[in-house]
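Sequence lines, in order, name chains A, B and C. Start counting the first sequence at 634; every next residue gets the next number (the working numbering). Start counting the second sequence at 3; every next residue gets the next number (the working numbering). Start counting the third sequence at 30; every next residue gets the next number (the working numbering).
Hints in this document: simulated from the structure, not taken from any laboratory. All C-beta atoms, glycine included, are put in the ideal place defined by N, C-alpha and C. Any given hint could turn out to be false.
[Claimed, not checked] Taking CB as the label site, the calculated pair distances span:
(1) C:162 <-> B:27: 52 to 60 Å
(2) C:173 <-> A:964: 48 to 56 Å
(3) C:156 <-> B:274: 49 to 57 Å
(4) C:175 <-> B:210: 18 to 26 Å
(5) B:53 <-> C:114: 53 to 61 Å
(6) B:274 <-> C:326: 50 to 58 Å
(7) C:162 <-> B:52: 53 to 61 Å
(8) A:819 <-> C:112: 53 to 61 Å
(9) B:53 <-> C:32: 43 to 51 Å
(10) A:886 <-> C:150: 20 to 28 Å
(11) B:151 <-> C:32: 24 to 32 Å
(12) C:175 <-> B:204: 29 to 37 Å
(13) B:125 <-> C:272: 18 to 26 Å
(14) B:27 <-> C:234: 19 to 27 Å
[As the list claims (entries may be wrong)] Straight line, CA to CA, 30 Å or less: simulated DSSO-like cross-link-like pairs of lysine-lysine:
(15) B:148 <-> A:818
(16) A:941 <-> B:265
(17) B:204 <-> A:941
(18) B:252 <-> C:300
(19) B:28 <-> B:204
(20) C:32 <-> B:148
(21) B:148 <-> C:317
(22) A:941 <-> B:257
(23) A:941 <-> B:237
(24) B:257 <-> C:313
(25) B:265 <-> C:313
(26) C:317 <-> B:265
(27) C:272 <-> B:28
(28) B:252 <-> A:766
(29) B:257 <-> C:317
(30) C:140 <-> B:265
(31) B:112 <-> B:61
(32) B:41 <-> A:635
(33) C:158 <-> B:252
(34) B:252 <-> A:941
(35) A:818 <-> A:702
(36) C:317 <-> B:155
(37) A:771 <-> B:148
(38) A:758 <-> B:177
(39) C:317 <-> B:204
(40) B:134 <-> A:941
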Amino acid sequence: MKNTLRQLMHSSKFVVGAGIFVLILLTMLIYPLINPGNPLEMIGVGTFAKPGTYFSLYDAMDTKTETLKIKDAEENRLTSIVSMEDRVSMVEFMEKIGVDVSGVEMDDVDTILEMWRANFDEKSKPKGITNAKWRNYKTLNNRLSKIGKEERVIYDLDPATNEEHKLKVVGGTDYVNINGVVNTKTLPLGTDNFGRDVLKELVSACGTSILIGLVAGAVATFIGLLFGLLAGYLGGIADDIIMFVTNVFTVIPSFVLLILISYSIGQEQRGATVVAVVIGLTSWTWTARSVRSQVISLRNRDHVNLSKLSGHSLARIILTDILPYIASYVVMAFILQVSSGILSEAQLSLLGLGPKTTTTPTLGLMMNWAMLYAAHTNGYWWAYFPVILTITLISFSLNLMNTGMDQVFNPTLRD
Amino acid sequence: MSNSNEERKSCLRGVGVTKVFGSGSKKTVAVDHVDFDFKEGEIVTIVGESGSGKTTLSKMLLGLIAVTEGEVFYQGQPRDIKGARKKKEYWKNIQAIFQDPFASYNMFHKIDDVLLDCLNMRGCKDLPMEQKVQMMTEACSFVNLKFEELTNKYPFELSGGQQQRLMIARIFLLKPKILLADEPTSMIDACSRSTILDMLTKLRDEINMTVIFITHDIGLAYKISDKVYIMEHGKFVESGDAEEVIIHPKADYTKRLISDVPKIYEEWDLSTV
Amino acid sequence: MAKKMLEVRELTTKYITRFHEDVYAVDHVSLSIEEGKSLGIAGESGCGKSTLALSLMGYYFPPLHYTSGDIIIDGTNISGMNPDDVRKNILGTEIAYIPQAAMNALNPTQKIMKFVEDVINAHDPKMPKNDIHDMAYKRFELLGLPKEALEKHAVELSGGMKQRVVIAISTILSPKVLIADEPSSALDVTSQKMVIKMLRDMMESGMIKSMIFITHELPLLYNVTDDIMVMYAGQIVERGTAKEMVFDPIHPYSKGLMGSIIVPEEGTRDKVLTAIPGTPPNLKNPPKGCRFAPRCKYATPTCSAMSIETKEFGEGRNYRCLMSVRKIREVYESEQQ
Chain A
634 MKNTLRQLMH
644 SSKFVVGAGI
654 FVLILLTMLI
664 YPLINPGNPL
674 EMIGVGTFAK
684 PGTYFSLYDA
694 MDTKTETLKI
704 KDAEENRLTS
714 IVSMEDRVSM
724 VEFMEKIGVD
734 VSGVEMDDVD
744 TILEMWRANF
754 DEKSKPKGIT
764 NAKWRNYKTL
774 NNRLSKIGKE
784 ERVIYDLDPA
794 TNEEHKLKVV
804 GGTDYVNING
814 VVNTKTLPLG
824 TDNFGRDVLK
834 ELVSACGTSI
844 LIGLVAGAVA
854 TFIGLLFGLL
864 AGYLGGIADD
874 IIMFVTNVFT
884 VIPSFVLLIL
894 ISYSIGQEQR
904 GATVVAVVIG
914 LTSWTWTARS
924 VRSQVISLRN
934 RDHVNLSKLS
944 GHSLARIILT
954 DILPYIASYV
964 VMAFILQVSS
974 GILSEAQLSL
984 LGLGPKTTTT
994 PTLGLMMNWA
1004 MLYAAHTNGY
1014 WWAYFPVILT
1024 ITLISFSLNL
1034 MNTGMDQVFN
1044 PTLRD
Chain B
3 MSNSNEERKS
13 CLRGVGVTKV
23 FGSGSKKTVA
33 VDHVDFDFKE
43 GEIVTIVGES
53 GSGKTTLSKM
63 LLGLIAVTEG
73 EVFYQGQPRD
83 IKGARKKKEY
93 WKNIQAIFQD
103 PFASYNMFHK
113 IDDVLLDCLN
123 MRGCKDLPME
133 QKVQMMTEAC
143 SFVNLKFEEL
153 TNKYPFELSG
163 GQQQRLMIAR
173 IFLLKPKILL
183 ADEPTSMIDA
193 CSRSTILDML
203 TKLRDEINMT
213 VIFITHDIGL
223 AYKISDKVYI
233 MEHGKFVESG
243 DAEEVIIHPK
253 ADYTKRLISD
263 VPKIYEEWDL
273 STV
Chain C
30 MAKKMLEVRE
40 LTTKYITRFH
50 EDVYAVDHVS
60 LSIEEGKSLG
70 IAGESGCGKS
80 TLALSLMGYY
90 FPPLHYTSGD
100 IIIDGTNISG
110 MNPDDVRKNI
120 LGTEIAYIPQ
130 AAMNALNPTQ
140 KIMKFVEDVI
150 NAHDPKMPKN
160 DIHDMAYKRF
170 ELLGLPKEAL
180 EKHAVELSGG
190 MKQRVVIAIS
200 TILSPKVLIA
210 DEPSSALDVT
220 SQKMVIKMLR
230 DMMESGMIKS
240 MIFITHELPL
250 LYNVTDDIMV
260 MYAGQIVERG
270 TAKEMVFDPI
280 HPYSKGLMGS
290 IIVPEEGTRD
300 KVLTAIPGTP
310 PNLKNPPKGC
320 RFAPRCKYAT
330 PTCSAMSIET
340 KEFGEGRNYR
350 CLMSVRKIRE
360 VYESEQQ
């Protein structure tokens, strides 16, 4: 046992795999301590807020300002207001009304802006321009009007007198320290379609998914092991019956079976545990088959014969003379079953047949939500890409562990 | 190696013992109507090449697989091993040593467990621990092993020869009437082989055990046995006194087997292939 | 004196285990074989005889590594050559190697003739197919193997036939040295005899110019090779002609080995078999001085204290023991009485 562990620690594949998996588990355990609360709390009213740090504008107004003269500030502001698209449409407009635009560089914002101010008249709409376009140009002009203003003023409306009081003057060189703003919120992965913190949701989902994988893997491994041991050791008619059942389950694609069972259970009963058990119930066949073939080869080993000659009972022979020999194999099968359980849940949930839950997210459900709200077509990558990455990492680490163990336990694969 | 075994009692006798595997077109007759009579205290060798059915016969003798046809008599009575309890009773009288020592032990059990299990089987379960240790020490010293050095070790930490000796220590504790040794020396070195053979002979002499030795090595059979049975394709082609059969073989198969083995005192005739 | 086909000087090779420990399985081994002669190597399992066979090819792959020493084949030193050159220029023409399970190395999907083509093309890629086929037919005829076997797949041949076919194919380029590592141990006695006869025929007809035959079966070695060398714990402990070694061994270890020979011959039944107590040493840290000392009943404290040199006596005989030949013979004689 000690030696086996020592060998495992010498397998770089196993160590890397186990390392990634432990890291994921640690994140799952530690992150909720740093950032407690309901992972499904809808903090955003809108959908799909971009990743980043948000601070309250309301509070920022009351925060003490400092005057900083930063060289590129003006220029940055300018390029931020007048985007490349705006510049193109500005030049297009001027060309239409007959201004000579040859030789104008698109990078030269100042020149374009100067020409625009000279040629655009808000009051007279040139011919040949649709109303819709004209409205766009007017909005654009409106936006451009604030360029060059030294400061902007914030007014407060007195509801009683309906008078406006000057509240604050904000200069172009005024800065507030973000630490001084009372309310800020960092959303490293933004929010999803319901305005929920994706990272918090992801961590929680990851835990649920691993739990589903573990339960599914345990169920599948238990059933497969039981059937495999009995079929392999007893042989004869018991073997025939068990193998018949196994074959029936193998022939029907397990995923189809999974969909049918999930569907027939109904939305209400489909909790995370039920889904996990259903996944386990449909994926035990290959464990049973491979355990059976291992047991058959062990059954004829001399130590089993010797155990028989020593008068040991069937249960004792199976438990002490067969099971320990296939234990490493069963552990490997279990790891693969966990990995495929997690993937199965993701697939089922993607089809909308996953666990019905409004209290706990799963990785599959997150993908399902992202898909339903068209996150992928709108480029809201933070809603689905981290989920895919997490699923990949989990199954990659589990498979890597499995390969590493295979090399240790299976001498023919050793290099 | 005494020749005066006329008065010896029959220990294991078989009449028309047959084993057929499969059925229909896949039918193979592994052992085909063999008759034998192993006397008490004899070393009997069954010689055969691979595929001759000698291992199948040994499994039938051990009661690990059922006899398809024919009858086995144990101590003159028809052998009855139907049901787990009767099998258990029979196995107190017949034990085995197998070919591959590395496959003969459960690698998760320590040597102590292996030997203690034998004591339990003999009904010494309730004895005080000191007495058990003393019995185990005695068994180990019989095979030139030191129990103090073996305790808390695993069988796979020993060499092949030592493992086979431990097997013999196990037999020493169990003291069965019959020992079936299935190629016990084919996977170990020549020097360890001599020790094993010595111990088997000693065991026979001490507790008047019947040793059924199974091998493909006709030299080995000549060396240790009183009686030999030559087996070919599931049948005994020749049997009798070892000296008689091997030095003056009658069956063509026996002659061929002997001529195919390299010699050192006579010229090995290579022209007869 | 005949030409030396193979000369090995102080060859040392090691295994590097998974836990990065060095195991010197071949430790300063020197030997030589003359043209037309064969040498047998005997020893218990784990004594390094199979490693020596692998090392002699000059073709090393992990975990086996070359450490020091020379391997000279017909005047050419091949030690330290890079593996690709060894495979291209040495294997097949200079040295051929037949392991125990050689017959299982045949790809079952290809005909036997394809292997012949592969062996010859590896050495001479331009040789036309017809020439190769003629060569194969001729060689098979000379060796008394059925020509039809060349057109068959490996699975259609019996184990003994497969092994003989493999030997015929790997020696088709008439190598200077054939290294056969237990080539007949996995076979039944009849096939074993056929393999042995074929090897002897090949030696006599000069298809192979010298041979190293490795086995733990001493009666077999006695009948196959001219000389026998006994190996213990990675070192050569004694060398002599087959007859001398079997009937007049000097080294206590050889004496023990030879005393454990079992043959079905009249009068051998009542001979007492010798047994050597103990187990071979672990090569990770071999005993100092004489490696056999811990198991030797004649050992004195000096045996473990100093390193033992190989001593020569008689023609081509040597042994590695502190005692003189005369002393050893006296001891053995007094023991017999």
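These are the hints, each one checked on the structure:
For the hinted restraint 52 to 60 Å between residue 162 (chain C) and residue 27 (chain B), the CB-CB distance of approximately 39 Å leaves it violated. The hinted range of 48 to 56 Å is satisfied by residue 173 (chain C) and residue 964 (chain A), whose Cβ atoms lie roughly 55 Å apart. For the pair residue 156 (chain C) and residue 274 (chain B), the supplied restraint of 49 to 57 Å is violated, since their beta-carbon distance comes to about 38 Å. For the pair residue 175 (chain C) and residue 210 (chain B), the supplied restraint of 18 to 26 Å is violated, since their beta-carbon distance comes to about 54 Å.
At about 44 Å, the beta-carbon gap between residue 53 (chain B) and residue 114 (chain C) misses the expected band of 53 to 61 Å. Distance hint check: the CB atoms of residue 274 (chain B) and residue 326 (chain C) are about 41 Å apart, inconsistent with the given range 50 to 58 Å. At roughly 35 Å, the beta carbons of residue 162 (chain C) and residue 52 (chain B) sit outside the given window of 53 to 61 Å. In this structure the hint that residue 819 (chain A) and residue 112 (chain C) lie 53 to 61 Å apart at CB holds, the actual value being about 58 Å.
Distance hint check: the CB atoms of residue 53 (chain B) and residue 32 (chain C) are about 46 Å apart, consistent with the given range 43 to 51 Å. A C-beta distance of roughly 48 Å is found between residue 886 (chain A) and residue 150 (chain C), which places it outside the suggested range of 20 to 28 Å. Checked against the hint of 24 to 32 Å, the C-beta distance between residue 151 (chain B) and residue 32 (chain C) comes to roughly 53 Å, which is inconsistent with it. Separation of residue 175 (chain C) from residue 204 (chain B) is about 50 Å and departs from the stated range, judged on CB atoms against 29 to 37 Å.
At roughly 56 Å, the beta-carbon separation of residue 125 (chain B) and residue 272 (chain C) lies outside the given 18 to 26 Å, and the hint is violated. Distance hint check: the CB atoms of residue 27 (chain B) and residue 234 (chain C) are about 46 Å apart, inconsistent with the given range 19 to 27 Å. About 74 Å separates the Cα atoms of residue 148 (chain B) and residue 818 (chain A), which puts this hinted pair outside 30 Å; it is violated. Taking the CA atoms of residue 941 (chain A) and residue 265 (chain B), the gap is near 40 Å; set against the 30 Å cutoff, the hint is violated.
Annotation: proposed proximity of residue 204 (chain B) to residue 941 (chain A) holds, straight-line Cα distance about 26 Å (limit 30 Å). For the proposed pair residue 252 (chain B) and residue 300 (chain C), the alpha carbon gap of about 25 Å is at most 30 Å, so the pair holds. Between residue 28 (chain B) and residue 204 (chain B) the CA atoms are separated by roughly 44 Å; this puts the pair beyond 30 Å, and the hint is violated. With a C-alpha separation of about 53 Å, the suggested pairing of residue 32 (chain C) with residue 148 (chain B) is violated against the 30 Å cut-off.
A distance of roughly 25 Å separates the Cα atoms of residue 148 (chain B) and residue 317 (chain C); the hinted pair therefore holds under the 30 Å criterion. Proximity of residue 941 (chain A) to residue 257 (chain B) is assessed by CA-CA distance (about 38 Å); at most 30 Å being required, the pair is judged violated. The hinted pair formed by residue 941 (chain A) and residue 237 (chain B) meets the criterion: a straight-line CA distance of about 28 Å does not exceed 30 Å. At most 30 Å may separate the alpha-carbon atoms for a hinted pair to count; residue 257 (chain B) and residue 313 (chain C) exceed this at roughly 47 Å.
For the suggested pair residue 265 (chain B) and residue 313 (chain C), the alpha carbons sit about 37 Å apart, so the restraint of at most 30 Å is broken. With a C-alpha separation of about 37 Å, the suggested pair residue 317 (chain C) and residue 265 (chain B) falls outside the 30 Å cut-off, and the hint is violated. For the proposed pair residue 272 (chain C) and residue 28 (chain B), the alpha carbon gap of about 51 Å is over 30 Å, so the pair is violated. Restraint check: the Cα-Cα separation between residue 252 (chain B) and residue 766 (chain A) comes to about 116 Å, which exceeds 30 Å; the hinted pair is violated.
For the hint pairing residue 257 (chain B) with residue 317 (chain C), the CA-to-CA distance comes to about 49 Å; that exceeds 30 Å, so the pair is violated. Under the criterion of a C-alpha separation no larger than 30 Å, the hint pairing residue 140 (chain C) with residue 265 (chain B) is inconsistent with the structure, at around 37 Å. Proposed proximity of residue 112 (chain B) and residue 61 (chain B) is supported: the alpha carbons are some 26 Å apart, at most 30 Å. Restraint check for residue 41 (chain B) and residue 635 (chain A): the C-alpha separation of about 49 Å exceeds 30 Å, so the hint is violated.
Distance hint between residue 158 (chain C) and residue 252 (chain B) is unfulfilled; the C-alpha atoms sit about 51 Å from each other, more than 30 Å. The suggested pairing of residue 252 (chain B) with residue 941 (chain A) is violated, with an alpha-carbon distance near 39 Å, which exceeds 30 Å. For the hint pairing residue 818 (chain A) with residue 702 (chain A), the CA-to-CA distance comes to about 27 Å; that is within 30 Å, so the pair holds. Distance hint between residue 317 (chain C) and residue 155 (chain B) is fulfilled; the C-alpha atoms sit about 26 Å from each other, no more than 30 Å.
In summary, the hint linking residue 771 (chain A) to residue 148 (chain B) is not supported, as the alpha carbons are separated by about 103 Å, beyond the 30 Å threshold. Distance restraint check for residue 758 (chain A) and residue 177 (chain B): the Cα-Cα separation of roughly 118 Å exceeds the 30 Å cut-off, and the hinted pair is therefore not satisfied. Of the pairs offered as hints, the one joining residue 317 (chain C) and residue 204 (chain B) is violated, with about 36 Å between alpha carbons and a cut-off of 30 Å exceeded. Straight-line distance between C-alpha atoms of residue 134 (chain B) and residue 941 (chain A) comes to about 23 Å, which keeps the hinted pair within the 30 Å bound.
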